[in-house]
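There are 2 protein chains.
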Amino acid sequence: MLENSVFLRACRKEPTEYTPIWLMRQAGRYLKEYRNIRKKFDFLTMCKIPDLAAEITLQPVEQLGVDAAIIFSDILLPLEKMGIRLEYSQGDGPKIHNPVRTEKEIESLRIIEPEEDLPFVLEAIKKVSKELNGKLPLIGFAGGPFTMASYIIEGSHTRNFIKTKKLMYHNSDYWHLLMKKLSEVTVRYLNAQIRSGVQAIQLFDSWIGYLNPKDYADFVLPHSNYVFSEIEKGIPTIHFATGSSALLKLMQKAGGNVIGIDWRIDLGEAWKHLEYKVGIQGNLDPVTLFAPLPILKNRIKEILASADNRNGHIFNLGHGILPRTPVKNVIALVETVHEFSQR
Amino acid sequence: MLENSVFLRACRKEPTEYTPIWLMRQAGRYLKEYRNIRKKFDFLTMCKIPDLAAEITLQPVEQLGVDAAIIFSDILLPLEKMGIRLEYSQGDGPKIHNPVRTEKEIESLRIIEPEEDLPFVLEAIKKVSKELNGKLPLIGFAGGPFTMASYIIEGSHTRNFIKTKKLMYHNSDYWHLLMKKLSEVTVRYLNAQIRSGVQAIQLFDSWIGYLNPKDYADFVLPHSNYVFSEIEKGIPTIHFATGSSALLKLMQKAGGNVIGIDWRIDLGEAWKHLEYKVGIQGNLDPVTLFAPLPILKNRIKEILASADNRNGHIFNLGHGILPRTPVKNVIALVETVHEFSQR
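One line per chain: the protein sequences are A and B, in this order.
At position 270 of the first sequence (counting the first as 1) the number is 270 in my numbering, and the numbers step up by one without a gap.
At position 162 of the second sequence (counting the first as 1) the number is 162 in my numbering, and the numbers step up by one without a gap.
In isolation and in its complexed conformation, chain A is listed as follows (with noise of 0.2 Å):
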């Protein structure tokens, strides 16, 4: 049975056998089998053609033997159907074309209707469950409203934020008026994922950390506190962000049974943090998977040994898995936490 899976189990914070653990990006590049589809199809063609985006998702399943798959696909998807011009060039990350910087620009955007809209994602995640048969969840996820308002409005990688910021010090009801674009489709999109077959949602957010505490709250917030409120109920929800080690309180009162959290804190002290009432995501280092293996084992026993056997850790990097990870290390990885955890 599904609910009684490990994983889910120890997103509702009820006792394991073991602690669970699933790797963000863990259908990517660093594997040899995702390489040999990437040589031939580009990025997004990869993530439209239902039967590439199931066999993505499941390459890693099997090999690494993880706890969970996660539907391969990307954050941005939704933004396309919204009038988003996306481009995937290799190495420097998604570039949009027609930035969204003026109100009538983001007056202009659409709300999607996923099943219209996204009807290959929806097959993707069909597909996957049948193959995995009720053996293993299943993750949707969606990008968190400041993530996505950023990345439309910048245009493309940034360090600053600067555009971002500026519109919302300066233009304060259309940043809203995004932000609650934003939320709708994302909360539309996760639904339409949690009817299609998944058995639990990851919300990333992953630029707040570039926010002071009280701009958080001001301006995201809300908006990532309504999607949690909308999504379909029973439905186990993840709340991630990096650099946000500060904000960990604030991304606990928006939602979420279990907070992400990256490598910048210890995760002991960061679920303490949280007085223990939500579970706990995290916290490996993806550079540590370069390592050599004993101490990349000894960092397992240390981040295990400060979650101290309570329910509710569901072990995972700190932010994806890079390009060039050795596989054998995150093969090692999974069994070790496996082995570590036995209760």
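Since the hints were made in silico from the structure, they are not lab data.
The beta carbon of each residue, even a glycine, is placed where N, CA and C say it ideally should be.
Please note that the accuracy of each hint is not assured.
[As the list claims (entries may be wrong)] Not everything, but these chain B residues come out facing chain A in the computed CB check (under 8 Å):
| hint | residue |
| --- | --- |
| 1 | Gly155 |
| 2 | Thr158 |
| 3 | Phe161 |
| 4 | Ile162 |
| 5 | Lys165 |
| 6 | His170 |
| 7 | Gly209 |
| 8 | Pro213 |
| 9 | Lys214 |
| 10 | Ala246 |
| 11 | Arg264 |
| 12 | Ile265 |
| 13 | Phe290 |
| 14 | Leu322 |
[What the hints assert, rightly or not] Across the chosen pairs, the derived CB separations fall in these ranges:
| hint | chain 1 | residue 1 | chain 2 | residue 2 | range |
| --- | --- | --- | --- | --- | --- |
| 15 | A | Gln252 | B | His170 | 33 to 41 Å |
| 16 | B | Asp173 | A | Gln342 | 33 to 41 Å |
| 17 | B | Phe41 | A | Thr158 | 39 to 47 Å |
| 18 | B | Glu230 | A | Gln252 | 41 to 49 Å |
| 19 | A | Glu62 | B | Glu80 | 51 to 59 Å |
| 20 | A | Ser229 | B | Leu274 | 31 to 39 Å |
| 21 | A | Arg324 | B | Pro292 | 40 to 48 Å |
| 22 | A | Lys272 | B | Glu62 | 45 to 53 Å |
Use these hints to put chain B onto chain A, whose structure you have.
Relative to the frame of chain A, chain B by itself:
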């Protein structure tokens, strides 16, 4: 008397009539006067001609009304004489042509003699001191050992610090040798600045926020601790980093009379975490300087309220002033801090 300046008293946690303020990169690209010089000289030349460096240092002092000057220079300058070939290309940030990764490369790094190797910095300090004529304290600075190490190992901007952490994990003996060499250089360099006339120093260990607390404690803390322990006694020290919300107590353990924080954490919360045992510097988001004046002023008020009139708060940004920051807002910032913090 300089010793009684508001800035130095705040460094010592003594009472002041108002909260002192200076700004990281207050001599920088947002100033027309700076850009005029930059048109004629490349960045390294601006650092190396004492008359120019002194002029640039003084540009913001009267214009802004700040409570301290900071010598115009760059944290990477000592590297050249250690054997590193540096280049500052416009826009891209510094580039290093011979990154240091092997044992041999680490062994061949030279320990500098500041008086012989960086006479221009010391000369510029003397010129500025003379100009300031006891009216305003002058701050000297250097890069922290982790930040310097990561620059010379990576060779250019990085988001993941993979090469740096690989050296740390795979060859910790040589990592520590490299850190020892960099720390020794930093001690010599800072003490030479003190002998030349600076009244306080700041250690910029800007990138430690990319480390998990355990790695910071094992691989960095002993070295920055050595730096602080070897600084000429009686000279106030500021220990600055970004993204370090969860490292503050460890930074305090490493040293510094004042801990410099970014904007990602509430200042009052950070200070409480440090049990008010040290001074605190910060913490306005540099992007808030692009906001409308009422929003900027409101944020300043919130930060001052968070500091709660305790002795030992030095107002600053959470990171350097950004290019294109409106000068009138910077002036308003300094005025507002002085006005709102009158005791």
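Hints and how they fare:
no. : hint                              : in the structure
1   : Gly155                            : 17 Å, violated
2   : Thr158                            : 11 Å, violated
3   : Phe161                            : 7 Å, holds
4   : Ile162                            : 5 Å, holds
5   : Lys165                            : 5 Å, holds
6   : His170                            : 6 Å, holds
7   : Gly209                            : 6 Å, holds
8   : Pro213                            : 5 Å, holds
9   : Lys214                            : 6 Å, holds
10  : Ala246                            : 4 Å, holds
11  : Arg264                            : 5 Å, holds
12  : Ile265                            : 4 Å, holds
13  : Phe290                            : 5 Å, holds
14  : Leu322                            : 6 Å, holds
15  : A:Gln252 <-> B:His170: 33 to 41 Å : 37 Å, holds
16  : B:Asp173 <-> A:Gln342: 33 to 41 Å : 35 Å, holds
17  : B:Phe41 <-> A:Thr158: 39 to 47 Å  : 29 Å, violated
18  : B:Glu230 <-> A:Gln252: 41 to 49 Å : 43 Å, holds
19  : A:Glu62 <-> B:Glu80: 51 to 59 Å   : 53 Å, holds
20  : A:Ser229 <-> B:Leu274: 31 to 39 Å : 36 Å, holds
21  : A:Arg324 <-> B:Pro292: 40 to 48 Å : 45 Å, holds
22  : A:Lys272 <-> B:Glu62: 45 to 53 Å  : 49 Å, holds
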